[in-house]
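Enquirer: Chain by chain, the residues:
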Amino acid sequence: MKKTRSGNYIVGCIIAIFFVAGNAWSAQDEKTTPGFAWKDGAEIYAKICAYCHDVQVGPPIRNRELPAAYIRAVVRNGRFAMPAFRAAEIDDESLTKLAEFISRRSTQP
Amino acid sequence: MTRKYIALPQGVSEKDFDAAINNFRKVLSDDAVLTSAEQLAPYIKTMMPVPDADHTPSAALLATTVEQIQKIVAICNQYKVPIWMISTGKNLGYGSAAPAERGQVVLDLKRMNRILEVDKDLAFALVEPGVTYQQLYDYIKEHKLGLWLSMPAPSAIAGPVGNTLDRGVGYTPYGEHFLFACGMEVVLANGEVLRTGMGSMPNSNTWQVFKWGYGPYLDGIFTQSNYGIVTKFGFWLMPEPPAFKPFVIQYQHEEDIVEIVETIRPLRISGVIPNAVVIAHALYEAPVKAKRSDYVSGPGSIPDEAVYRIMKDHKLGIWNVYAALYGTQEQIDVNWKIVTQAFGQSGKAKILTEQEAAEDPAFVYRAKLMRGEMTLTEFSLYNWRGGGGSMWFAPVSQARGSETLKQMALTKQILAKYGLDYSGEFIVGMRDMHHIVDVLYDKTDPEQTKAAYQCFDELLTEFSARGYGTYRVNTAFMDKVAETYGPVQRKVHKTLKKALDPNGILAPGKSGIR
Chain X
1 MKKTRSGNYI
11 VGCIIAIFFV
21 AGNAWSAQDE
31 KTTPGFAWKD
41 GAEIYAKICA
51 YCHDVQVGPP
61 IRNRELPAAY
71 IRAVVRNGRF
81 AMPAFRAAEI
91 DDESLTKLAE
101 FISRRSTQP
Chain W
1 MTRKYIALPQ
11 GVSEKDFDAA
21 INNFRKVLSD
31 DAVLTSAEQL
41 APYIKTMMPV
51 PDADHTPSAA
61 LLATTVEQIQ
71 KIVAICNQYK
81 VPIWMISTGK
91 NLGYGSAAPA
101 ERGQVVLDLK
111 RMNRILEVDK
121 DLAFALVEPG
131 VTYQQLYDYI
141 KEHKLGLWLS
151 MPAPSAIAGP
161 VGNTLDRGVG
171 YTPYGEHFLF
181 ACGMEVVLAN
191 GEVLRTGMGS
201 MPNSNTWQVF
211 KWGYGPYLDG
221 IFTQSNYGIV
231 TKFGFWLMPE
241 PPAFKPFVIQ
251 YQHEEDIVEI
261 VETIRPLRIS
271 GVIPNAVVIA
281 HALYEAPVKA
291 KRSDYVSGPG
301 SIPDEAVYRI
311 MKDHKLGIWN
321 VYAALYGTQE
331 QIDVNWKIVT
341 QAFGQSGKAK
351 ILTEQEAAED
361 PAFVYRAKLM
371 RGEMTLTEFS
381 LYNWRGGGGS
391 MWFAPVSQAR
401 GSETLKQMAL
411 TKQILAKYGL
421 DYSGEFIVGM
431 RDMHHIVDVL
441 YDKTDPEQTK
451 AAYQCFDELL
461 TEFSARGYGT
471 YRVNTAFMDK
481 VAETYGPVQR
491 KVHKTLKKAL
501 DPNGILAPGK
511 SGIR
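Taken in sequence, the protein lines are chains X and W.
Residue 12 in the numbering used here sits at position 12 of the first sequence, and the numbers go up by one each step.
Residue 81 in the numbering used here sits at position 81 of the second sequence, and the numbers go up by one each step.
The set of hints was computed from the structure by calculation and includes no laboratory data.
Keep in mind that a hint or two might mislead.
Claimed, not checked - For each label pair, taking beta carbons as the anchor points, the in silico distance ranges come out as:
no.	chain 1	residue 1	chain 2	residue 2	range
1	W	HIS253	X	SER106	31 to 39 Å
2	X	SER106	W	LYS348	46 to 54 Å
3	X	LEU66	W	SER346	50 to 58 Å
4	X	LEU66	W	GLN329	47 to 55 Å
What the hints assert, rightly or not - So these bits of chain W aren't anywhere near chain X, every CB distance computed over 10 Å:
no.	residue
5	PRO42
6	ARG111
7	SER301
8	GLY327
9	GLN341
C-beta atoms are modelled at their ideal positions from N, C-alpha and C, and glycine is treated no differently.
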């Protein structure tokens, strides 16, 4: 199973060789496949936050109506042992969605 | 005068740095060149007992392509600006996402996060540096590839490229991660792109299946080093076995480590137990179930008497040996008989399987780690002292009982001198053990922070004096550890550095190399 082989491959190779002298390989990197992007706040919560905050490693944070601005600040700066998360990991727009998801009162556990 | 940057690279004027930043902005979009205090805040937080100011970056660059990285190194060479490369930036307890030296520019590759190939038949993956284990795990599940990952305890938020390049370990049969690495793409300091092994040959389709290529094997020099920027990384994955049997064996006395190691070694070398077995001390497992404050208060390390109460209250051994069998049910049945006979001989071992321990939170997270499932439960360790201070002390030991006992006793003695607890485990390699000790302290307490620094320094001094080398260390102690391996190795490292990166722009200070 090969995920990234495509018709653009050879064209990409030629273009990149023109741009970067002395480098036979750079082209293979310059494919148009997009990287990973978060779908929504619930996904970020499930794939990062829940591993600590839903299993008593960190304090519960859902259903506490924590202010969104506070959540954003803690995510970016970390708190005690909680690591900080960079915009490269959770971009600003996704962080807004995450903060909204955590702040929102939910009937879900 | 208002400062334009929160830090500057050593020896670079603000004028030159301005010019470099302007050039970076021409290569990347504006929002991918971070210079404000607010933008850089997540790069500054570390768990080390040194001022954050010592590791404050001047900027961060969020590159997404090889071509961008080639242009970035050209600018760095022009203005002599040093860059510190990170992938997922979750090297917690080893320096996190902060640079080794104040003022270095972080080259953050987290957004370079494509899974380029996963081959079901040949069981390998080729990924970019920003791919997390969680991302790859989800991809494998979604495509029903039947492959397992091996990852360290910060699984979900860490990634295979950074972990393997720092020679980290996991807990499955593929737990010695660099052994299973196969092929790298590396941007060199001069902008050239090297593909290691078979990847150097145009049209080769064996880059991820044959490690050695032709001529000197190069992959090793790009681990724990600053000789290049790894932009693609191949590694082998374990086919999902038909059956899996995790188990824990508990012992009640610290000196039993001798029997444990002598029993495990032949089983591990012969492959009866195929995975990276963990021999965890009670205090490594206790935070999953217990609070330190329920057993001890005030300064000083926890007394043995309190440790024994924790063991009793929470059904822990003083040593807890986590291992697993993998294969067909028939293979597991045969090997289980060998394991139980070996450990049953002395009558000291208490053997528990999923049948008895399925509800035990320590067993549950250990079983997940041994089958490559995502969990961050080991972070419970950080609640033990609180305050966010942690450094991994990681000396290597022979897989010989007498040696492990000596190392444990020496570590415990030095930690106690500084009022710190022994939260240790041994991860069993084929013939070695990674003795992993989380030096936990409260970073909000200046006295404890100072003690933690002195303690770590003494641990390194005393262990190296006895010939015990450290396999990996946080960014505050890299020079000290490099020194323990002697002048000839340092000279060779420096010679390679000069040849590959004459302007010293790539991560100066990594592993003590400049």
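Enquirer: Indicate, hint by hint, whether the structure satisfies it.
Expert: The hints, checked one at a time:
1. W:HIS253 / X:SER106: 31 to 39 Å: violated, 48 Å
2. X:SER106 / W:LYS348: 46 to 54 Å: Since SER106 of chain X and LYS348 of chain W have Cβ atoms about 49 Å apart, the given range 46 to 54 Å holds.
3. X:LEU66 / W:SER346: 50 to 58 Å: holds, 53 Å
4. X:LEU66 / W:GLN329: 47 to 55 Å: holds, 48 Å
5. PRO42: Check fails; 4 Å does not lie beyond 10 Å.
6. ARG111: Check fails; 5 Å does not lie beyond 10 Å.
7. SER301: holds, 19 Å
8. GLY327: holds, 25 Å
9. GLN341: holds, 36 Å
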